[in-house]
Amino acid sequence: MMPFISLVKRDLTLGLRKKSQIYQPLVFQLLVVTMFPLGLGSGAKTLALIAPAVIWILALLASLLTLDQIFKNDYDDGSVESYVLTSYPLPLAVMAKVLAHWILSGLPLVVFAPVLGVLLHLPSSSYGVLMLSLLIGTPIFSFIGSIGSALTMSLKHGGLLLTVLVMPLLAPVLIFGAGAVVESSLGNSASQHLLLLGGILVLSFTLVPFAAAAAIKINLE
Amino acid sequence: MPVIKAKNISCQRGYFPLFEPVSFELKFGQSLLISGPNGIGKTTLLESITGLRKIQQGDITYKDASLLNSKDEWFDQSFFIGHKTGNKKELTCLENLRSFLTIQGLEVSELQAENALQQVGLAGYEYQFAGSLSAGQKKRLALARLTLIKHSIWILDEPFVNLDVAGCDWLLELLIKHLENNGILIITAHDNKTIKEKVTQELILKTFKGSDK
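Chains as they are written, first to last, in the working numbering: chain A, -10 to 210; chain B, 226 to 438.
Errors might be hidden in some of the hints.
Said to hold, decoys possible - Straight-line C-alpha distance at most 20 angstroms; calculated SDA-like pairs for lysine to any residue: (1) A:206 to B:296; (2) A:-2 to B:331; (3) A:7 to B:314; (4) B:230 to B:282; (5) A:8 to B:353; (6) B:375 to A:76; (7) B:314 to A:65; (8) A:206 to B:297; (9) A:-2 to B:352; (10) A:7 to B:356; (11) A:206 to B:293.
In case anyone wonders, no lab produced these hints; they're calculated from the structure.
Taking the hints into account, I'd like the entire structure generated from these sequences.
This is the structure:
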């Protein structure tokens, strides 16, 4: 357990010192969201209608901003060797990296979501479901993104490639996540969507660490 | 009884073999210097030995078990420092040293880490960010790990690069002490003559001439 905790701790320390990983996605979201009323030029009703989709797409795009950093920095400075060249299972190290990434980049998105909701006139009754769906959805972004990050870590500008690799895999997350918020804004139960989202989270939690670990090994060869 | 046996190993970059297959055997207390011109594949060979890369041809055994099967035991006993130092520029020297080793499963107290930094001549830099160090100091910070680990096999890629004269002397002394304690050393170095005299074997890599098939 010790390597796991110390890897999470190290990444959190790094994130809190650099900070850009935390505020960049939020600033990006805020900037884009303020453009919507200007571009649409229509009233609160239209905004409320598109709010679930917009907030979820923004969460997805904001995550993509930082996903490549999961393994790239470690590859560049060589510290990836500290968890590859040990008897400690690499998939567990991947989980530690993903957990730290989610705390730094995913969790702020969840907390920040109601602000976007207000700006887009989302019915206040849906805030609970919005935050809950993001709470389940953002870890999936980090998990699946870690595969893309591991695959592109040796590339200088792997950002676009990572997006191309990861986006199709994240489409179901977007469908069920935004779907949950739409249902709740219409006054229906969102539990179906949320359960499916939870299913994807369990699936990525169990499978992704192995895939990402394999990708890291490929890249070091 | 040799601990490490390598038989006919060769490395490739893409489809091209880099050097003529090499073999070596190492007992406890022995050391191996890998030399050859730039670009011949010294680093690639070292990385294959550590387990970072796959060995495409030949086999390495550790305690008579192939490295392909007994990786865990090998990882517990071997320690690698490569060209990339593995230091995080946003962490202080002390944090770097401690976190790197704790991630490897080795608990290091603050006092131990401070002692190690003192030994490598980084006393007073404990709370400096590694990003603000010079290249030689970064190397010293990476090498400080050697004073804390208990691994018996050290695999070092150009450890003398960037070090000043005093640093080279210190490192040489440390390596000799490691060998006297029955450790094993696999090293690359091409500009240091003293290490050449101290090692038990030297392996000179030669360009691949083509297969005899």
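Cross-check of the supplied hints:
no.	hint	verdict
1	A:206 to B:296	holds, 14 angstroms
2	A:-2 to B:331	holds, 15 angstroms
3	A:7 to B:314	holds, 11 angstroms
4	B:230 to B:282	holds, 14 angstroms
5	A:8 to B:353	holds, 19 angstroms
6	B:375 to A:76	holds, 15 angstroms
7	B:314 to A:65	holds, 11 angstroms
8	A:206 to B:297	holds, 15 angstroms
9	A:-2 to B:352	holds, 18 angstroms
10	A:7 to B:356	holds, 13 angstroms
11	A:206 to B:293	holds, 14 angstroms
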